[in-house]
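Undergrad: Below are the chains, spelled out letter by letter.
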Amino acid sequence: DAGVTQSPTHLIKTRGQQVTLRCSPKSGHDTVSWYQQALGQGPQFIFQYYEEEERQRGNFPDRFSGHQFPNYSSELNVNALLLGDSALYLCASSLGGSLSYNEQFFGPGTRLTVL
Amino acid sequence: SQKIEQNSEALNIQEGKTATLTCNYTNYSPAYLQWYRQDPGRGPVFLLLIRENEKEKRKERLKVTFDTTLKQSLFHITASQPADSATYLCALGTDSWGKLQFGAGTQVVVTP
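Chains as they are written, first to last, in this note's numbering: chain L, 1 to 115; chain W, 1001 to 1112.
The set of hints was computed from the structure by calculation and includes no laboratory data. Careful: at least some of the hints might be erroneous.
[Said to hold, decoys possible] Straight line, CA to CA, 16 Å or less: simulated EDC-like cross-link-like pairs of lysine to aspartate or glutamate: (1) W:Lys1059 to L:Asp85; (2) L:Lys26 to L:Glu75; (3) W:Lys1099 to L:Glu54; (4) W:Lys1063 to W:Asp1084; (5) W:Lys1099 to L:Asp30; (6) W:Lys1071 to W:Glu1056; (7) W:Lys1059 to W:Asp1039; (8) W:Lys1017 to W:Glu1005; (9) W:Lys1071 to W:Glu1015; (10) W:Lys1057 to W:Asp1039; (11) W:Lys1055 to W:Asp1067; (12) W:Lys1071 to W:Asp1084; (13) L:Lys26 to L:Glu103; (14) W:Lys1099 to L:Asp85; (15) W:Lys1099 to L:Glu103; (16) W:Lys1017 to W:Asp1084; (17) W:Lys1057 to L:Glu103; (18) L:Lys13 to L:Asp85.
[What the hints assert, rightly or not] Heads up, incomplete: computed chain W residues facing chain L, CB under 10 Å, no partners named: (19) Gln1034; (20) Leu1047; (21) Gln1101; (22) Val1109; (23) Pro1112.
[To be verified] Chain W is faced by these chain L residues, among others (derived, beta-carbon under 10 Å): (24) Ser7; (25) Ser27; (26) Thr31; (27) Gln41; (28) Phe69; (29) Val114.
In this text, a Cβ means the ideal position worked out from N, Cα and C, and glycines have one as well.
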């Protein structure tokens, strides 16, 4: 059973460019959350997708957008990249619905470097 | 302002001893709290969940306590092993949809 997969593993972009990161959730999971983890910090919640809709959003600007597909996979898009966007981007999947206290399964992350 | 604080200094401990990590929070009312382990360059791995109405949870050599009055969780690794060396993250869940607020983590180093 494949766990959460993310692509690409590493990415280098320049300021002002746009980037798309991809995530496939663990088999059977219908909810995908995206987190940004700066070096030496804990993951920061970006947003969560359930049933192809953005269900929750953290304190991130509109430059960060996403999408969930019918097969539950998801994309994170970041426009107009800033140096401060350099981080490890983590995708986590879980079972959705209410009372979703379930553990989240994290992927290995995508390391984004903005030059 | 809302804060989740974990010991920023690495915890160095001898093999076989008990490691105790703290997670303190302010201006949150978590419905539950989770602990994760993260190895360098990897995503976090879930360890334990404890709900607001629970005082203590155990899993093998791991134990977590949750005191909503003190706004604190303690995480214990008993009979620690070098393989337990990693960064441990606490995460608060404040709603029923699974959104997590993470602390910065505490690095644990277990020496033989």
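Undergrad: Compare the structure with each hint and give your call.
TA: Hints and how they fare:
Between W:Lys1059 and L:Asp85 the CA atoms are separated by roughly 37 Å; this puts the pair beyond 16 Å, and the hint is violated. Note on L:Lys26 and L:Glu75: the hinted pairing holds, with a Cα-Cα distance of about 15 Å set against a maximum of 16 Å. Using a Cα cut-off of 16 Å, the hinted pair W:Lys1099 and L:Glu54 holds, with the two alpha carbons roughly 12 Å apart. Of the pairs offered as hints, the one joining W:Lys1063 and W:Asp1084 holds, with about 14 Å between alpha carbons and a cut-off of 16 Å not exceeded.
This hinted pair checks out: W:Lys1099 and L:Asp30 have alpha carbons roughly 14 Å apart, not beyond 16 Å. For the hint linking W:Lys1071 to W:Glu1056, the alpha-carbon distance of about 14 Å falls within 16 Å, and the restraint holds. A threshold of 16 Å between alpha carbons decides the hint, and for W:Lys1059 with W:Asp1039 the separation of about 20 Å lies outside it, so the pair is violated. Between W:Lys1017 and W:Glu1005 the CA atoms are separated by roughly 24 Å; this puts the pair beyond 16 Å, and the hint is violated.
For the suggested pair W:Lys1071 and W:Glu1015, the alpha carbons sit about 30 Å apart, so the restraint of at most 16 Å is broken. Under the criterion of a C-alpha separation no larger than 16 Å, the hint pairing W:Lys1057 with W:Asp1039 is inconsistent with the structure, at around 23 Å. Using a Cα cut-off of 16 Å, the hinted pair W:Lys1055 and W:Asp1067 holds, with the two alpha carbons roughly 7 Å apart. Our distance criterion of 16 Å between C-alpha atoms is broken by W:Lys1071 and W:Asp1084, whose separation comes to about 26 Å.
For the hint pairing L:Lys26 with L:Glu103, the CA-to-CA distance comes to about 12 Å; that is within 16 Å, so the pair holds. Taken as a hint, the W:Lys1099 and L:Asp85 pair is broken in the structure, with Cα atoms around 21 Å apart against an allowance of 16 Å. Straight-line distance between C-alpha atoms of W:Lys1099 and L:Glu103 comes to about 11 Å, which keeps the hinted pair within the 16 Å bound. The suggested pairing of W:Lys1017 with W:Asp1084 holds, with an alpha-carbon distance near 12 Å, which does not exceed 16 Å.
Simply put, W:Lys1057 and L:Glu103 have alpha-carbon atoms about 15 Å apart, close enough for the 16 Å limit, and the pair holds. Taking the CA atoms of L:Lys13 and L:Asp85, the gap is about 10 Å. The hint holds against a cut of 16 Å. Below 10 Å, beta-carbon pairs count as interface contacts, and W:Gln1034 has one with chain L at about 7 Å; its hint therefore holds. The beta carbon of W:Leu1047 is positioned within 10 Å of a beta carbon in chain L (closest approach about 9 Å), and the interface hint is therefore held.
Residue-level restraint check for W:Gln1101 holds (minimum Cβ-Cβ distance to chain L is 7 Å; threshold 10 Å). Nearest Cβ of chain L to the Cβ of W:Val1109: about 16 Å, over the 10 Å cut. The hint is violated. The closest approach between the C-beta of W:Pro1112 and any C-beta of chain L is roughly 27 Å, which is over the 10 Å cut-off, so the hint fails. For L:Ser7, the interface hint is violated, the least distance from its beta-carbon to any beta-carbon of chain W being 14 Å, above 10 Å.
Violation of the interface hint for L:Ser27 is found here, the shortest Cβ-Cβ separation to chain W being roughly 17 Å, above the 10 Å cut-off. Interface restraint check for L:Thr31: the shortest CB-CB distance to chain W comes to about 7 Å, inside 10 Å, so the restraint holds. Annotation: interface hint on L:Gln41 holds; nearest CB of chain W at approximately 5 Å, less than 10 Å. Violation of the interface hint for L:Phe69 is found here, the shortest Cβ-Cβ separation to chain W being roughly 19 Å, above the 10 Å cut-off.
Using the Cβ-Cβ criterion of 10 Å, the hint placing L:Val114 at the interface with chain W is not satisfied: the shortest such distance is roughly 19 Å.
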